[in-house]
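Visitor: We have chain C already, so just place chains W and B on it with the hints.
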Amino acid sequence: MARMKFLCDADRCIECNACVTACKNEHEVPWGINRRRVVTINDGKPGERSVSMACMHCTDAPCQAVCPVDCFLTTADGVVLHSKDLCIGCGYCFYACPFGAPQYPKTGNFGSRGKMDKCTYCAGGPEADNSPEEYAKYGANRLAQGKLPICAEMCSTKALLAGDSEMIATIYKERVLKRGYGSGAWGWKVAYRETIAV
Amino acid sequence: MLIKRKSGEATRTRLQAMANGLSSGVLDRRSFLTQSGLALGGVAAIGSIQLGAVRQAQAGPVNRAAPVEIRKNICTHCSVGCSVTAEVQNGVWIGQEPSWDSPINRGTHCAKGASVRELVHGDRRIKYPMKLVNGEWQRLSWETAISEISGKMTEIRDKSGADSVFMLGSAKMSNEGAYLFRKFGAFWGTNSIDHQARICHSTTVAGVANTWGYGAQTNSYNDIRNAKTIIIMGGNPAEAHPVSLQHVLSGKEINRANLFVIDPRFTRTAAHATEFVRIRPGTDIPIIWGMLHHIFANGWEDKDFIAKRVYGMDEVRKEVAKWTPEEVERVTGVPGEQLKRVAQTFATQKPSTLIWCMGATQKTVGTANVRAYCTLLLATGNVGSQGTGANIFRGHCNVQGATDMGLDVTNLPLYYGLVEGAWKHWSRVWEVEYDYLQSRFDEVPAKGGRPARTRKQNMETSGIPSTRWFDAATLPSEDVDQRDNVKAMFIMGHGGNTVTRMPEMSKGIERLELLVVCDPHPTTFAIHGERKNGTYLLPICTQFETSGSRTASNRSIQWGEKVVEPIFESKDDFEVIYRFAQKLGFADKMFKNIKVENNHPVPEDILREINRGGWSTGYTGQSPERLKTHMANQKDFDLVTLRAKDGPAKGDYYGLPWPCWGTPEVKHPGTHILYNTNLNVRDGGGAFRPRFGVEYQGKTLLAEGSYSLGSELTDGYPEFTFGIFKRLGWDADLTESELATINKIGGNNVDAVSWAIDLSGGIQRVCLKHGVSPFGNGKARAIAWNLPDPVPVHREPIYSPRPDLVAKYPTRPDGRELRMPNRGGSVQKAAVDTGVAKKFPIVLTSGRLVEYEGGGEETRSNKWLAELQQDMFVEINTNDAAERGIREGQWVWVKGPESDSKAKVKALVTDRVGRGVAFMPFHFGGWFQGVDQRAKYPKGTDPIVLGEAVNGVTTYGYDPVTGMQETKVTLCQIEAA
Amino acid sequence: MSKSITASAHEASEDRDVSRRRFFKVLGGASTVALAAPIMSDEAHAGESKDEARKSRYRETDHVKKFYSTNRY
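Protein chains in written order, with our numbering: chain C, 1 to 198; chain W, 199 to 1175; chain B, 1176 to 1248.
Chain C on its own, in the form it takes in the complex:
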């Protein structure tokens, strides 16, 4: 069965933020919550590289391991989803996540945290597929519509890959062979305990 993954080709990413606004647009993500963001290293210096980051939908996800109310579930596609009905906004997952994916809307004047929000791999949540309830809590369920995450689909330079991990690994290998360089499948070791050998 196909395992869904993300792969950001840092040699292509130009930090244009299409992934960020496409996500906002698709799911009506409110101001202050960023399911995806672009991080730049060596900013303004030779060796500057950008990587688009979101929940990587880890194998044996650390968020899932630490959640006190067991609100996470990993789907057969390898997508890590969570239930906002069960989430108590404790923030453990934020500390466990190596990618800083979990976000919490502020709900009060005293810094109280709301339900955790994160990238769903455009796969909604544990509500009926593409129901209004699902959309309101988690956003669109593109996977159920036969599509892939909008961030990858709209990536300006085709840096951000999503879909069947074997397919995206093949695409990435093809690029590295063609161009003769590649800075590696960023985050894969941490998230999936594997990397792409070329």
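Note that these hints are calculated values from the structure, not bench results. Some hints here could point you the wrong way.
Said to hold, decoys possible - Some chain C residues well away from chain W (every beta-carbon gap over 10 Å; in silico):
| id | residue |
| --- | --- |
| 1 | 2 |
| 2 | 14 |
| 3 | 46 |
| 4 | 48 |
| 5 | 62 |
| 6 | 75 |
| 7 | 94 |
| 8 | 107 |
| 9 | 166 |
| 10 | 169 |
| 11 | 173 |
Said to hold, decoys possible - Restraint ranges, calculated between C-beta atoms of paired labels, are given here:
| id | chain 1 | residue 1 | chain 2 | residue 2 | range |
| --- | --- | --- | --- | --- | --- |
| 12 | C | 177 | W | 796 | 58 to 66 Å |
| 13 | C | 42 | W | 1089 | 22 to 30 Å |
| 14 | W | 849 | C | 177 | 31 to 39 Å |
| 15 | W | 542 | C | 170 | 32 to 40 Å |
| 16 | W | 539 | C | 178 | 20 to 28 Å |
Fair warning: this is a prediction, and the values are worked out from it, not measured in the lab. We treat Cβ as the ideally placed atom computed from N, Cα and C, and that holds for glycine.
Guide: Leaving out everything else, chains W and B in the frame of chain C:
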């Protein structure tokens, strides 16, 4: 504090509350309609006017039985031309999907393109017409607004003349809108009708057209995939044209191509270069001549290409000889060995292409810069074939088309100029009396030592460029070469903060008797200066709320279909122009051949009129039907060649890039690559255009031994006229009706009827038959004797950080251009004499951010974009910051050398800029000289993010050919605030 | 680098139509207040059982194939 450039993170700020007020997250997709109603109610209550006239498209629940419709339009944020696929239900744009089939973007977008859906939901739009009365915004009806404005325009016309109303159009208009507005200017009787190309690529258009015929990108974004060496000099497409990088990086990878970025700033584009060359701002010509020095010294030039297709290269050699590696390094800071490496690679690892943007053009030497760039391409034989060319990336989504349509103070539509023949051509197309058009223009009295002008002379005199409108309002009348000063501005879709010298603009704007701002958002024009009365705001919809064609940078024309009806009370450009023409009394004449339905001119019909008159540029074959066929069959077009392999458009190039010769029935495929002799003209081939005679100083200007594939004439030839046809015997190929048209146009001089004015299209049709280019087959010019500095020479910026070099490389002496004085020479001399460079030791340059566009009101009002870039900032070098005790993120004053100007911005300390150089983005506005202007916007229309405009501190300096402003090199001082 | 696109645009948009229509068909009288006041009960999972929630959604549709093909050279 947020400066996302560095941190890569968005944090919550004071702006969150405002953004929350705009929308409450997940409910939006179906509840924005109601919310818009609510917000509108709030504003209306203030104006105490009832909502009766407001369109109620949002009312009512979603019809669950209705299917989702797919509508295709084109992104409005840059010239790449990305297709936008919109999902619409019940008149509401509910989703954006990837446009896989577009050969241009293949599903992708940048941050702006991926958020365009917000534009038609934006409740920060202008909702209804308003006017400023004693400093308060009042609502009024369209009818009243048009009536009051027309009355005032007529009053000013009677008192001061037609030229006292300055018209500013937009690169965001469709071709049809831009054409209509240019025609409106002609019927009003002024040539002072301009748009953003003035401050964008006007110098490219002038310089490149003067080199080889047309001032446009020669190849395409897609064709860069064929290049083996790419130089990007004076451009940062990773931010300004992100989707273009898909093609650039693919080309780089596929061909293992060399990608050089030559720039003062280590841009996001430079991060992906194989080599970055840092130069001192304003030294482009020494860099190019420095490269040519190595090329000529080592014999790397393309001698065959030069001999056959280039005029005057020997003159260039003389100038280039002066630019030894030592002198180049002294002036530019670039070591000779590095430049030699770049030069050798560019000349020998071909095909090579040169990409440029505003870094080349927005200079006092802009026209000369781009001519030097072209000369490098010519010397190395890198024009007119795959993978080569001047890949000039235009800015706005239709800046190429609006330029083509003549929103330019020196042109009628399609580059016909302003000469009598041009006016007569268009009066034939419009079927209006030439004498009537002439009667609309002012007589200009003698003043300032200049002779008087008749109406005819005035209609043939270029107008005032957009960079100088406020000088034309404030300078003594004898300095302004027209009947009277500028008294009114009629602006459709143009920002105010994008023009330099804003402190001077304040004075100009206060002097205006009438200011009309037609825009989806209140631009800086709406709030700048201390105006209390006489400003009108008219709500115009975006291109997603109307239909029409737009021309991408590569000359491909794409038809956008209306996604939703105009929101609130907004109207499209067509209707507004029509209603004004009606009120001003010339609608019947102006719309004689354009169908108008319910006060709305039909865009397809406007395009057909463009087709009937656009012979000079090959805008004749692109009928609305053909363009729509292309949009519907995008999947048939090849990614690299852009040619349809199959389907109903088989054989066509995508978007019928101009020139697309002859009538639509001739089925010319368009021209993907200009001046390409490897193809038959029938297949999009061509040659350089001989525009400047057939010989100069005893040497031919026609090509020698070079011609396009399959041409029946196997040497250079001039442009075709009926007279030449007769000598070749080709007149026999013309049909009777074509002959009748030619005879009618020619009158008693029928031999002079040329390919460009033959309304029958017969001359072009027969040219195609014989495989020849209608405009001729000439040589490109390395020397443009009709321009200042026929061979480009280096000239220091007006405000140079190197006063020691000004003596050797001074700017041009004072002069007069485009009705205005240009005092650059005196300003530069005064700057040197008073030691400005000591007090203001940092070079200030400006440029783009990916999240925002142009003056920025539209994008700063888009919550998905605004969140990403919340503060105006200045990039300051680490050493310069340390010397000044400036820390990352703190407030600083950037002070300019004129008018005691200053801007309060945040410091971004970085080595992205070299020592002694600072950079500011140009998309901000709404703060001025440290003061927040938010309260001056009509309530609810203020953009989410405001900030200082860089032009609050920019300075004097104009290109002598086009009046282009200097935005890329001035001086400043930076201190902690 | 020719495009190897197998699906027609027509098929793809049909696909979209169905999914969006379905989305709005169930929009009806649904309350979205649930977001502000979530309920901690089994009702929360009213839409899907755990097995249902875990099952695979990914399909290699024409839409997905176009994504893959445009990512290749």
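Visitor: Taking the hints in turn, state whether each one holds.
Guide: Outcome of the hint check:
1. Distance check on residue 2 of chain C: its Cβ is at least 20 Å (rounded) from any Cβ of chain W, clearing the 10 Å threshold; non-interface status holds.
2. Listed as a non-interface residue, residue 14 of chain C fails to keep its Cβ farther than 10 Å from every Cβ of chain W; the least gap is roughly 4 Å.
3. For residue 46 of chain C, the shortest C-beta to C-beta distance to chain W comes to about 7 Å, within the 10 Å cut-off, and the non-interface label is violated.
4. Not every CB of chain W is more than 10 Å from the CB of residue 48 of chain C (nearest about 4 Å), against its label as outside the interface.
5. Every CB of chain W is more than 10 Å from the CB of residue 62 of chain C (nearest about 21 Å), matching its label as outside the interface.
6. Residue placement check: residue 75 of chain C keeps its beta carbon more than 10 Å from all beta carbons of chain W (closest about 21 Å).
7. Even its closest Cβ contact with chain W, about 14 Å, leaves residue 94 of chain C beyond 10 Å, as expected for a residue assigned away from the interface.
8. Distance check for residue 107 of chain C against chain W: the nearest CB is about 13 Å away, which clears 10 Å, and the non-interface claim stands.
9. No beta-carbon of chain W is positioned within 10 Å of the beta-carbon of residue 166 of chain C; the least distance is around 21 Å.
10. Distance check on residue 169 of chain C: its Cβ is at least 17 Å (rounded) from any Cβ of chain W, clearing the 10 Å threshold; non-interface status holds.
11. Every Cβ of chain W is farther than 10 Å from the Cβ of residue 173 of chain C; the closest lies at roughly 13 Å, confirming the non-interface assignment.
12. Taken as a hint, the range 58 to 66 Å holds for the pair residue 177 of chain C and residue 796 of chain W, whose Cβ atoms sit roughly 60 Å apart.
13. Under the hint 22 to 30 Å, the C-beta atoms of residue 42 of chain C and residue 1089 of chain W, about 26 Å apart, fit the expected range.
14. Range check, residue 849 of chain W to residue 177 of chain C: about 35 Å between beta-carbon atoms, so the 31 to 39 Å window is met.
15. The hinted window of 32 to 40 Å between residue 542 of chain W and residue 170 of chain C holds, with their beta carbons roughly 38 Å apart.
16. As the Cβ distance of residue 539 of chain W to residue 178 of chain C is approximately 25 Å, the hint placing it in 20 to 28 Å holds.
Checked against the numbered hints above, the structure violates hints 2, 3, 4; every other hint is satisfied.
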